[in-house]
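> Take a look at the letters that make up each chain.
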Amino acid sequence: MAGATPGSLMRAEPSTLETPRARSSIRARAISGIGPLTVLAGVLWAFAQPYRVTILHPRGQGFWWLAVEPPLLVILVGVLFGLVLAPGLLEDLQEEDR
Amino acid sequence: MQPDPEFVHWLFATGFLILGVCLLAEAVVGPDVWGRRAWRAYLWPGAALILGIFLWPVMLLFTSSTLHMIAHSAWAQVLMLAGGAELALARGKLSSRYWHLTIALAFLVSGAASLIHEQNDWLFSRSAFVHHAMGWVMIGGALFPLARTFRPRSFALGAGFAATFLVVSVLLYTHRDVAEIFGHLSPVAGAPRR
Amino acid sequence: MRRRLLLLVALAVLAAPAKASAHATLLDPSPEYRERLAAGPPSVVLTFDQAVMAFPDSIAVRSGEGRVLSGDAAGGADARVVLVPVRSLPRGAYTVRWHVLSSDGHPISGVYTFGVRVAAPPPTEAFGASGPTRTEDFVRWAYFVSLALVVGGLGFALLVLRGMPSALAGRLYKLIGLGIVATLEVGIIAFLLRAEGALQLPLGKLLYADLTPIANGTRLGTAFMAMTMGFVLVSVLVYFAWLLDRVVFLWPAFVLALGFSSGLSLSGHQAADRGSSWATQIADWIHLSAALLWVGGLVVLAVCVWPLARELRRDAFLRFSRLATLLIAALLGAGIYLSVVRLPSVSDLWTADYGRVLLVKIALVTLALTWGAFHHFVGRPALVRDDASGWSARLGRTLIGEASVAMAILLLAAMLVDAKPPV
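Chains as they are written, first to last, in the working numbering: chain L, 1 to 98; chain R, 99 to 292; chain X, 293 to 715.
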């Protein structure tokens, strides 16, 4: 870079910085998507197999049937990821860009 | 108050789902960004360790067969070992990268235990299929942590590692029972009660 | 396209529901495990969680003398039920051995007991059950040794070293870790060997045998479950002490390890034989705990302190010597009390098998005590004087000798736990 003129540096900026930013944006979008996609998977599962959400039709089942409802657990994981992990990861990705 | 085995499987499936999404996120952002917050570096190794600890009561409370007991104790031990080693690596207590191989070992042992645990053919019933699938997914999946030990920054290896947990999670959520698989059901298996 | 279709079919098939689970499990036996009945039952009925295939010999009910008192077994109207008619049963204890074909193709088997107007024995004492064998004696010995590494290692770190000196931390944590892993593994092996003795099945069938009556219906099973979980907790605490460099985690680990070692006292003959009381159980626990601390401490002194920390040798030896005096006093006091309870007549020492093993143990204890006294009265003053006569180096070797004798004592203790006292 020692021999580069200010003009040539200005011209070089978009081509050298565009790729990492674009990559970072893809990464940010992927991180933003993991939580909602997990929630969506849980919701689709609940629609596809409503009988696996016992709370919708509690026919006298015991505690465990009501406490452990697989599609709801998947939704919970997605929500937790979106609320707890994703924001920090997105912030750290932004910081890495700066 | 003791839950049926299925509930326990579904709870562990959720644990593996948590591991899977964490590892997927780590693969996406890369180890540097992931490790920027200390608690995040401890997250999935800690989850693996906790899952290993909770497998012990499963081993002790579900004594319907010797094979179940042995398999569950094997899973408990390798998961504790792998989680413990990863946690120590994250903390800096261990430094050799070869400790990452404990995850590959955990997958190999778990896969083998799943296959030995189910001695019927793949298409014997749905339960047999799920056990075979889980066993081979874990044995095949062991390649990812194995290779990742030497190429820790590879996105493909990180994503494959995460995907192994996600597939195991889906298989654990599946009903393991006597039902046809691809239209097949062994006459020895008896009729499915739908 | 075809592959995608196959994938979709696979997902759909995996997702569709059905009620039966993988292996059949015995849900409801009648009579129940170890049930005490007022009158003999007309039949024995086993209800599984799913359909099973029954054979004429699927259920055999035997008297205490081994006479078969049941007819041909058959499946009930409900495919989950298998029942067998039983002759009129007089007062006594009975053994039920059963085997059916699970709908997943696995032959599943089990054994349990019930009593008519008497208390039923545990399934480990069912008709046809065998053991404890010599292999079990060795396994129990391995259990004692592994417990000594855990309890003695933790005790030495906290009571003698009063922390984890950096020079020793690595090897000491490895020693304690090895002890914990061995305790868990050997505990599982010991339990399975006992189950094998009760079930009397070849390995292929043993793998699918129902262990529930043994795990839930015997003192051994209860002790196994409590001790396994207890030592898992100990492992977690020791791990965090190492990971975070916090010795404070070792205190609860030590207390738990000492407490859960009592499982051995509660599952051995101490808790079941005539003459047993809460006092004999406490005495047995004190006897065992003192032995574990002493043997484990000797091993740590010989394997960690002597080769790795020259500067700690003197202080560690002197402190351990003081602790060992207390431990030996507790060990002897509790041991003498238990011997008096178990062997009411002195001649039992040479006439009964239990007495003869005890006699050999006493001889070895005397040897170990003499060795310990030599350390105390000769080695200790030399270390205090800090003379350069080479005592320090030689003590390392003689400590290994004393630890080896102590381990041999543990082997005899293992044989005694499995043996029946003449009382």
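By construction, these hints were calculated from the structure, which means they are not laboratory data. Computed from a predicted model, the values in this text were never measured in an experiment. Backbone N, C-alpha and C define an ideal beta-carbon position, used for all residues, glycine too. Do not rely on the hints blindly, as some may be mistaken.
To be verified - Reference excerpt, derived from the structure (chain X facing chain R, CB under 10 Å, subset only):
| id | residue |
| --- | --- |
| 1 | Met-345 |
| 2 | His-398 |
| 3 | Ile-400 |
| 4 | Leu-499 |
| 5 | Ala-501 |
| 6 | Gly-513 |
| 7 | Asp-537 |
| 8 | Val-539 |
| 9 | Val-540 |
| 10 | Trp-543 |
> Hint by hint, note whether the structure agrees.
Cross-check of the supplied hints:
{"no.": "1", "hint": "Met-345", "in the structure": "8 Å, holds"}
{"no.": "2", "hint": "His-398", "in the structure": "7 Å, holds"}
{"no.": "3", "hint": "Ile-400", "in the structure": "7 Å, holds"}
{"no.": "4", "hint": "Leu-499", "in the structure": "4 Å, holds"}
{"no.": "5", "hint": "Ala-501", "in the structure": "6 Å, holds"}
{"no.": "6", "hint": "Gly-513", "in the structure": "8 Å, holds"}
{"no.": "7", "hint": "Asp-537", "in the structure": "8 Å, holds"}
{"no.": "8", "hint": "Val-539", "in the structure": "15 Å, violated"}
{"no.": "9", "hint": "Val-540", "in the structure": "17 Å, violated"}
{"no.": "10", "hint": "Trp-543", "in the structure": "20 Å, violated"}
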